Amino acid sequence: MDSLFFLAFAAIAVACGINLVIQTHPITSALSLIGVMGSLAVLYLLLGAEFIAMVQLVVYAGAIMVLFVFVIMLLNAGAEKRVARPWKPYLVGAPLLVIFVGVASCILHDMLGDSDPVIFGSFTQGGAREIGRSLFTEYLLPFEVTSVLILIAILGAMVLARKEF
Amino acid sequence: MLHPVGTGHYLVLSLALLLVGILGVLTRRNLVIVLMSVELILNAVNINLIAFSKHTGNLAGQVFAIFVITLAVAEAAVGLGLLIALFRNRETTSADEVNLLRW
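From first to last, the protein sequence lines are chains A and B.
Counted from 1, the first sequence has number 114 at position 114 by the working numbering; the numbering is strictly sequential.
Counted from 1, the second sequence has number 1086 at position 86 by the working numbering; the numbering is strictly sequential.
Because the hints were derived from the structure by calculation, they are not lab data.
From a predicted model like this one, the values you see are computed outputs, not experimental measurements.
We treat Cβ as the ideally placed atom computed from N, Cα and C, and that holds for glycine.
Take the hints with a grain of salt, since some may be wrong.
Here chain B is said to cover these stretches of chain A; the calculated rule only asks that three of the stretch's residues, wherever they fall, bring their Cβ under 8 Å from a Cβ of chain B [what the hints assert, rightly or not]:
no.: 1; region: 8-19
no.: 2; region: 51-57
To be clear about the criterion: a stretch of chain B counts as covered by chain A if any three or more of its residues have a C-beta under 8 Å from a C-beta of chain A, and this derived list gives those stretches [claimed, not checked]:
no.: 3; region: 1010-1018
no.: 4; region: 1031-1043
no.: 5; region: 1057-1064
Listing some non-contacts, in silico: residues in chain B with all C-beta distances to chain A over 10 Å [said to hold, decoys possible]:
no.: 6; residue: T1070
no.: 7; residue: L1100
no.: 8; residue: L1101
Working from the sequences, and respecting the hints, build out all of it.
Pasting the structure below:
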């Protein structure tokens, strides 16, 4: 059952990711990215990361995607014009890509093939309580530095989007 | 009966999403889609972190996944701000038409 869930949602994630890259209209890409985020949230749940799964849905599929769709609407971005590209590099690149993924899969299988299977409910340390305790004791300094990062990002976005810039 | 899914499967999924994201960053010309591809890459990183958090039984991976999500939000905000400033000055969101610094 867990394998079935993993395969289904991994397939959805990769298919939506490929759709994101090949679609010409930004709105279609944004919808595909929401599909990727949603299926990844399910995979996080399977890994026992309940809190991250919810954060993924709320922050990524909620906040970031609203930001993207807002900007797409604001810029009135239409479909991208297709430019004729040389096709010869694809003849070299595509087989190399397949070989690379195959070799990487074999190496990962050799290294981690005998690891514990991922079963839903076998890892229960990913709740809000455990994450919060870890975040506010062991990782307090990175947490505070992150708040400075967010402050800088807010200031940067405001300065960049000002009218007289 | 399906083969049980281990950490390696998650890493292969992460690799696939990373490659798709890199492909998007390198081949697309619409800057909004380039930014979305960057989000895809950061998501691939998150899968790695959480899969290894489960693999080693250590919570650090999940905490750092939260930091990566925060970083992605900051990146999206600044990137889209840049995009709006660019559109206001040049009336375009295509990476091909932004060639002021091209040698």
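Legend entry - 8 Å C-beta test of the region 1010-1018 of chain B against chain A, three or more residues: holds (count 7)
Inset, instruction - Take the region 8-19 of chain A, compare each residue's beta carbon with every beta carbon of chain B, and decide whether three or more fall closer than 8 Å. - result: holds (count 5)
Legend entry - 8 Å C-beta test of the region 1057-1064 of chain B against chain A, three or more residues: With 5 residues closer than 8 Å to chain A, the region 1057-1064 of chain B meets the three-residue bar; holds.
Inset, instruction - Please settle this one: T1070 of chain B was flagged as non-interface, so is its CB more than 10 Å from every CB on chain A? - result: violated (5 Å)
Inset, instruction - Could you let me know if the closest chain A CB is still more than 10 Å away from the CB of L1100 of chain B? - result: Holds: least Cβ distance 15 Å, greater than 10 Å.
Legend entry - L1101 of chain B non-interfacial with respect to chain A [C-beta, more than 10 Å]: holds (17 Å)
Inset, instruction - Check whether three or more residues of the region 1031-1043 of chain B sit with their beta carbon closer than 8 Å to a beta carbon of chain A. - result: holds (count 8)
Inset, instruction - Go check the region 51-57 of chain A versus chain B for me, would you? Three or more residues, Cβ under 8 Å, otherwise it fails. - result: With 4 residues closer than 8 Å to chain B, the region 51-57 of chain A meets the three-residue bar; holds.
When the structure is compared with the earlier hints, a violation turns up for hint 6 alone.
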